[in-house]
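Chain by chain, the residues:
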Amino acid sequence: MQISGAQMVIESLIAEDVSVVFGYPGGAIMNVYDEIYKQSGFQHVLARHEQAAIHAAEGYSKTTGKVGVAMITSGPGFTNAVTGLADAYMDSIPMVVISGQVPMSLIGTDAFQEIDAVGISRPCTKHNYLVTDAADLPRILKEAFYIASTGRPGPVHVDIPKDVTAQIAEYKYPETVELETYKPNVKGNLRQIKKAVDAIAASSRPMFYLGGGIINANAAEEVRELVKMCNIPAVETFMARGTLRVDDTNLVSMLGMHGSYAANMSMSETDLMIAIGARFDDRVTGKLSEFAKHAKVIHIDIDPASISKLVPADFPIVGDVKNVVNEMLPLAKEKVDGERYASWRETVANFDKLHPLTYEDSDDVLKPQWVIERIGELLGDDANITTDVGQHQMWAAQFYPFTRPRQFTSSGGLGTMGFGFPAALGVKRGDPERISINITGDGSILMNIQELMTAVEYKLPVINVILNNKYLGMVRQWQTMFYDKRHSSTDISLQPDFVMLAESFGGVGYRVKTKEEFDAALKDAIEKNVVALIDVTVNRLENVLPMVPAGGSLFNMMLEYKDK
Amino acid sequence: MAQERRVISVIVMNEASVLSRIVGLFSGRGYNIDSLTVAPIPGSKYSRITIVTQGSIRVIEQIIKQLHKLIPVLKVYEHEHLVEKEMALVKFPVTECLSDIAALCGAYNGQIVNVGEDTIIVNVADEPHRVSNFLKAIKRFHPKEIVRSGVVAMEM
Ligand SMILES: Cc1ncc(C[n+]2csc(CCOP(=O)(O)OP(=O)(O)O)c2C)c(N)n1
Ligand SMILES: [Mg+2]
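Taken in sequence, the protein lines are chains X and E.
For the first sequence, the working numbering assigns the number 1 to the initial residue and increments by one for each residue that follows.
For the second sequence, the working numbering assigns the number 1 to the initial residue and increments by one for each residue that follows.
The set of hints was computed from the structure by calculation and includes no laboratory data.
Glycine included, each C-beta is placed from N, C-alpha and C at the ideal position.
Certain hints may be false.
If you anchor each label on the Cβ, the simulated ranges turn out as follows [what the hints assert, rightly or not]:
id	chain 1	residue 1	chain 2	residue 2	range
1	E	V83	X	D314	30 to 38 Å
2	X	Y561	E	E155	57 to 65 Å
3	X	G119	E	T119	51 to 59 Å
4	E	P40	X	G119	39 to 47 Å
5	X	N185	E	G43	28 to 36 Å
6	X	F112	E	T119	45 to 53 Å
7	E	V38	X	T347	51 to 59 Å
8	X	Q2	E	G43	49 to 57 Å
9	E	T95	X	E180	51 to 59 Å
10	X	A135	E	E80	55 to 63 Å
11	X	A202	E	V83	42 to 50 Å
12	E	H81	X	D314	27 to 35 Å
13	X	N556	E	R29	23 to 31 Å
Start from the sequences, fold in the hints, and give me the full structure.
Below is the structure:
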């Protein structure tokens, strides 16, 4: 079939079973947008900023497990999208991002809206392509989807010059991918797996350290089974929230900088860490030399470069987490006796009794933690949660009662303010039956507020709960604690009227100062099924606790902060 | 941690941006490149890149893993027993003692390769540390220009 490069893009996306593309048009990508106009194979959602288009595709991918697709134009369209690419790269989200480029004859001439897009995207994508011949397009797009979704997932960027989208060439979408140089290793080494299970059986204070890779690998079911079978306590990273159910007796909450006392103490005392799909981020480990100092380390990960990168593994197992855990299950059943760890479980439970993850509620002012707990009580499993970045994000991870993988979508690796709302649009588009709640801050929400228009236009009724402390709260917290309360440029009490703001876009706004008002607003927004901003006034100077100061050891937590 | 010098060979697809991926990886992650040579492997669609680098064992291990992760990388060898060679070109004023220079070149597998009105050019090809020695030894002949090729290596 002889068709244009632009038509090939459409045909390939349909062949990949893409049902939605988030994007924003412009000169260099117009040939493709012309074909989008003519087709009916997938929906195009016009975001109101390219960064938001990428975050929406990330949210869609996160909730569905499918490859997220976004489309943008050259120059400023592409540079606007870079934050999204970097975000997806850091959190290993499978994405294909297609950008227009100036015609090949103009590349290198500083043409209008020309920028070296593949040069910029190289360090923040898993792979990228500059397409120089339409005949290569089907193969490249096939490879792009394959690379994005296999091995350690990640974003792939395909840059297509305008003349290539106009060029007519032979189209046949390849059935298979032949990449001699890319063969992701999915099967774990069985000998090594056996040794690891033996080590578990011989240990006395073992600890599961569960990471986001489990969710990427769709392996939460298997991991739940393994944890249950071994009856070994487990901590989750921020990215792994929802791997275990909140009521799983072996779950010891989140670890790390804002992890619970029990999670951080048990990681400090364990004699065998079983790391699954986790990458020892510095926000997790604190001071590396003190991290799980007494522990032997089993490390299961699809990415060999993650293993022994920061903490040397005694039992490195490279492979797909789902595959490896499936191999472990029968071995564990035979060899591991949960009884053995009874006193260790008691020790861990005592840590939790000593300093449970909690906060002091108040009758005078709404506490942000209460708001999150309340959403959890009212909606629980029925809601998908996204967040922005800051204190509210940490409270959401600490206090929301997660019950399933892919319920929680947040920017972990890059920590991108402005992520939450557009990501929630993608989540709602991918999982329309569930309620989509974006827990956000008064700073973050303004970083992609224009997406109110997208949400209203495409009837994606996301409920934004703004935990409004009139501060860039997380930065303010550090200034309070470590900079002698010099709150430099973090007081943002000058604010728009969020109710009027929502309404001017055709959404609904609520102002909330009490518990009753909050319940009423949430209920109303859900009943009306509208795009909503709930502006919740919360205690201004609340701090996220416990806290391991940056670079400190996990066992040296600040459990409370007394104002001097 | 102790710094080690390592020679790493990377076999890559012969395609447009592959070198920038490799170099970008080194600069982005703060790894050293002492020297780097690239040339197509005859009769194949691959090129060989030879990189001389320094780092602790941990860093070297990461470099190799990160190189493996790049999509167009076919193989990465970290050499244990290898033959290493490097070439250097040096330009001298003809007024220097040419017979001494020629004799020195001879000791390092070299020769005079060009004679001009004012200058001569010599080349030597030897193990990298010997090339360094040669370059020290010829200092007193006031070399006007020195070009080193970077290392190529082959497993024994
Ligand atoms: C794009 C971006 N810029 C700056 C930061 C640094 N930063 C991290 S948290 C934060 C404050 C966020 O304020 P807000 O959204 O109100 O959330 P709060 O901490 O008050 O809950 C800032 C500025 C960031 N993470 N992302
Ligand atoms: Mg705030």
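Each hint tested on the structure:
1. One distance hint, 30 to 38 Å for the beta-carbon pair V83/E and D314/X, holds here, with the actual separation near 36 Å.
2. Distance hint check for Y561/X and E155/E: the Cβ-Cβ separation is about 59 Å, which falls inside the suggested range of 57 to 65 Å.
3. Distance hint check: the CB atoms of G119/X and T119/E are about 39 Å apart, inconsistent with the given range 51 to 59 Å.
4. At about 23 Å, the beta-carbon gap between P40/E and G119/X misses the expected band of 39 to 47 Å.
5. At about 29 Å, the CB distance of N185/X to G43/E agrees with the hint of 28 to 36 Å.
6. At about 48 Å, the CB distance of F112/X to T119/E agrees with the hint of 45 to 53 Å.
7. With their beta carbons about 57 Å apart, V38/E and T347/X fall inside the hinted range of 51 to 59 Å.
8. Between Q2/X and G43/E the beta carbons are some 34 Å apart, a value that contradicts the proposed interval 49 to 57 Å.
9. Separation of T95/E from E180/X is about 56 Å and conforms to the stated range, judged on CB atoms against 51 to 59 Å.
10. Remark: the range hint 55 to 63 Å for A135/X to E80/E is contradicted by a beta-carbon distance near 43 Å.
11. Taken as a hint, the range 42 to 50 Å holds for the pair A202/X and V83/E, whose Cβ atoms sit roughly 47 Å apart.
12. At about 29 Å, the CB distance of H81/E to D314/X agrees with the hint of 27 to 35 Å.
13. Separated by about 30 Å at the C-beta atoms, N556/X and R29/E satisfy the suggested range of 23 to 31 Å.
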